[in-house]
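**Student:** With the hints as your guide, set chain Y onto chain D.
Here's the letter readout for the chains.
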Amino acid sequence: MKWIGAALLAGSLLLPPIFAGDFYVNLASQILIAAIFALSLNLLVGFGGMTSLGHASYLGVAAYISALLTSRYGFGHGAAAFLSIAGTTAMAAFFGVIALRASGLGFLMITLALSQVLWGLAYRISNVTNGDNGIAGLTRPAPFGISLDSPISFYWFALIVATFALAMMTIFVSSAFGSSLKGVRDQPRRMAALGFNPWLIRWFTFVYAGFWGGVSGLLYVYYHKYIHPTSLSTTSSAEALLGVIAGGSGTLGGPAVGAALVLLLKNYVSAYLERWNMLLGLVFLFIVLVMPTGIVPGVSSLTARLRGEPR
Amino acid sequence: MTASTSSYALEVVNLKKAFGGLTVTQNVSLSIRPGERRLIIGPNGAGKTTLFNQISGDLRPNSGAIRLFGSDITHLPPHRRAHFGLSRTYQIITLFSGDTLEHNITLGLLGLRPARWQMWRPLSFYRDIAAEARRTLDAVGLLQLAAHPISDIAYGERRRVELAMALVQKPRVLLLDEPLAGLSNTERSTVKSLISSIPRETTVIMIEHDMDTALDLAETVTLLNYGRVIVDGERDAVIADERTREVYLGT
Numbered sequence: 309m310k311w312i313g314a315a316l317l318a319g320s321l322l323l324p325p326i327f328a329g330d331f332y333v334n335l336a337s338q339i340l341i342a343a344i345f346a347l348s349l350n351l352l353v354g355f356g357g358m359t360s361l362g363h364a365s366y367l368g369v370a371a372y373i374s375a376l377l378t379s380r381y382g383f384g385h386g387a388a389a390f391l392s393i394a395g396t397t398a399m400a401a402f403f404g405v406i407a408l409r410a411s412g413l414g415f416l417m418i419t420l421a422l423s424q425v426l427w428g429l430a431y432r433i434s435n436v437t438n439g440d441n442g443i444a445g446l447t448r449p450a451p452f453g454i455s456l457d458s459p460i461s462f463y464w465f466a467l468i469v470a471t472f473a474l475a476m477m478t479i480f481v482s483s484a485f486g487s488s489l490k491g492v493r494d495q496p497r498r499m500a501a502l503g504f505n506p507w508l509i510r511w512f513t514f515v516y517a518g519f520w521g522g523v524s525g526l527l528y529v530y531y532h533k534y535i536h537p538t539s540l541s542t543t544s545s546a547e548a549l550l551g552v553i554a555g556g557s558g559t560l561g562g563p564a565v566g567a568a569l570v571l572l573l574k575n576y577v578s579a580y581l582e583r584w585n586m587l588l589g590l591v592f593l594f595i596v597l598v599m600p601t602g603i604v605p606g607v608s609s610l611t612a613r614l615r616g617e618p619r
Numbered sequence: 443m444t445a446s447t448s449s450y451a452l453e454v455v456n457l458k459k460a461f462g463g464l465t466v467t468q469n470v471s472l473s474i475r476p477g478e479r480r481l482i483i484g485p486n487g488a489g490k491t492t493l494f495n496q497i498s499g500d501l502r503p504n505s506g507a508i509r510l511f512g513s514d515i516t517h518l519p520p521h522r523r524a525h526f527g528l529s530r531t532y533q534i535i536t537l538f539s540g541d542t543l544e545h546n547i548t549l550g551l552l553g554l555r556p557a558r559w560q561m562w563r564p565l566s567f568y569r570d571i572a573a574e575a576r577r578t579l580d581a582v583g584l585l586q587l588a589a590h591p592i593s594d595i596a597y598g599e600r601r602r603v604e605l606a607m608a609l610v611q612k613p614r615v616l617l618l619d620e621p622l623a624g625l626s627n628t629e630r631s632t633v634k635s636l637i638s639s640i641p642r643e644t645t646v647i648m649i650e651h652d653m654d655t656a657l658d659l660a661e662t663v664t665l666l667n668y669g670r671v672i673v674d675g676e677r678d679a680v681i682a683d684e685r686t687r688e689v690y691l692g693t
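In order, the protein sequences belong to chains D and Y. For what it's worth, my numbering labels the leading residue of the first sequence as 309, then goes sequentially. For what it's worth, my numbering labels the leading residue of the second sequence as 443, then goes sequentially.
Everything labelled a hint here was simulated from the structure, so no lab data went into it. Hints should not be assumed to be uniformly reliable.
Not the full set, but computed from the structure, chain Y residues with beta-carbon under 8 angstroms of chain D [claimed, not checked]: (1) Ser498; (2) Asp500; (3) Asn504; (4) Ala524; (5) Gly527; (6) Gly550; (7) Leu552; (8) Trp559; (9) Gln560; (10) Met561; (11) Leu565.
Across the chosen pairs, the derived CB separations fall in these ranges [what the hints assert, rightly or not]: (12) D:Leu413 <-> Y:Asp570: 23 to 29 angstroms; (13) Y:Ser593 <-> D:Phe402: 38 to 44 angstroms; (14) Y:Pro519 <-> D:Trp464: 34 to 40 angstroms; (15) D:Leu413 <-> Y:Ser593: 24 to 30 angstroms; (16) Y:Ser449 <-> D:Pro600: 56 to 62 angstroms; (17) Y:Ser505 <-> D:Met476: 47 to 53 angstroms; (18) D:Leu610 <-> Y:Phe567: 31 to 37 angstroms; (19) Y:Ser593 <-> D:Trp464: 52 to 58 angstroms; (20) Y:Asp570 <-> D:Tyr431: 54 to 60 angstroms.
Each residue gets a CB set at the ideal place from its N, CA and C atoms; glycine is no exception.
If we strip away everything but chain D, and leave its shape as in the complex, we get (with noise of 0.2 angstroms):
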């Protein structure tokens, strides 16, 4: 059974730039930058028990650092992806010592209020940003003399990344710093009784996600080249959480399946509906109310049962 997911998978992967359109070999990479971000985001949700409304702001800085860089001041894509990532690590350095003040509803809070400045900060400072014109006309590395411009070749290079992604943060939260985590987020209190520095090892795991948000965000504009004020704006956090709830917060596999399903829904039904928010609305109250713990718990749970095992 196992074996037939991962063939499943493996073939989903492998098979868009070789059958399918452009169109869909490009919804393909976005739905893998998506991944990576809902997953960087799912390290503090699901894992460390903090949910954060304000995740969009790695995605954007990152996105934006490189944007700058690369358009305005003349460096290359090397030393701007270095940067940028760099800079968005150290934000995320930043914010946590402030977000993390607070736990649960405050530190929710304290996340909105932080990527709200940052989306009102891209809108108004024009003259460096563009202001609500966005920056355009960008373009995308060319890794080892590769370029990246076809839908095809992109779309490896963000398997690439999203496949190595997978495995860090997988590596992560199976370590036994990962254990620390989980333990955090379950008894805090206990765990400070057993010699867990609570505050440091949610601190580690925000800067941590704020890294892969970054690496996301890098993807992000390479993608477009193009980015907006609209990337560091609540909505993209909220459409990110939405996936990482929807596909399982917690788990591995879940928030690469919920953004899936976002993005397919945002690209599919905007066409034939204006108001696409509202089925994704009702698709997400679909979900919470047939499967609570979301997708990917929720389907593992039912094909055990369909096969007749306990539990």
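**Tutor:** Just chain Y now, with coordinates in the frame of chain D:
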């Protein structure tokens, strides 16, 4: 932090704590020698658990000092106190209910080791941690349930896991908050014999609401009422004291 040699394992000096107008700890002072078995008794609301929460660092006292082997720990966060050799259990069972018994005990070990920061190696890499966790589970008679999640096991067994999680840390000072609460007679005698087998390197301070159940585990007794120390001393002297009768039998 002033580290000095002290003849006491735990010293509480003039501790005061109030929640608004309600004083829950009033000038409490305790001096507990290394290896001592101290029982803290008192009626409901006497401030026993509040006192423990201040010693473990979950609550900050308004004034007073707490010293562990002569080191002032009054202002240390809870996790630093654990590294000083202080462990505790909870009156309300506080375990990781989705995780296995072995994993619960493992967290007790991990908390004191640098491996808790290890970000690329899985926990299973540390064979010695797993082996020690299983040894401790064996010692409390729960090895056969090691692979079960906490949610699968009975209340009495959870009480033993609660105790094992603190014991595995080999603390210098162990705070037990009603370790016998809610147990049947047979379970109670199991846990009692576990507590009496704790090595003398560990100083044990135990809260019990009902003074009869734990009396034979204690050498010294402190009676608290309304946040104050009423009587303090050798077990038999405290039992015989008139003020003890007053608190427990009323006047």
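**Student:** Could you check the structure against the hints above and give me the numbers of any it violates, in ascending order?
**Tutor:** Those not satisfied are hints 3, 5, 12, 14, 19.
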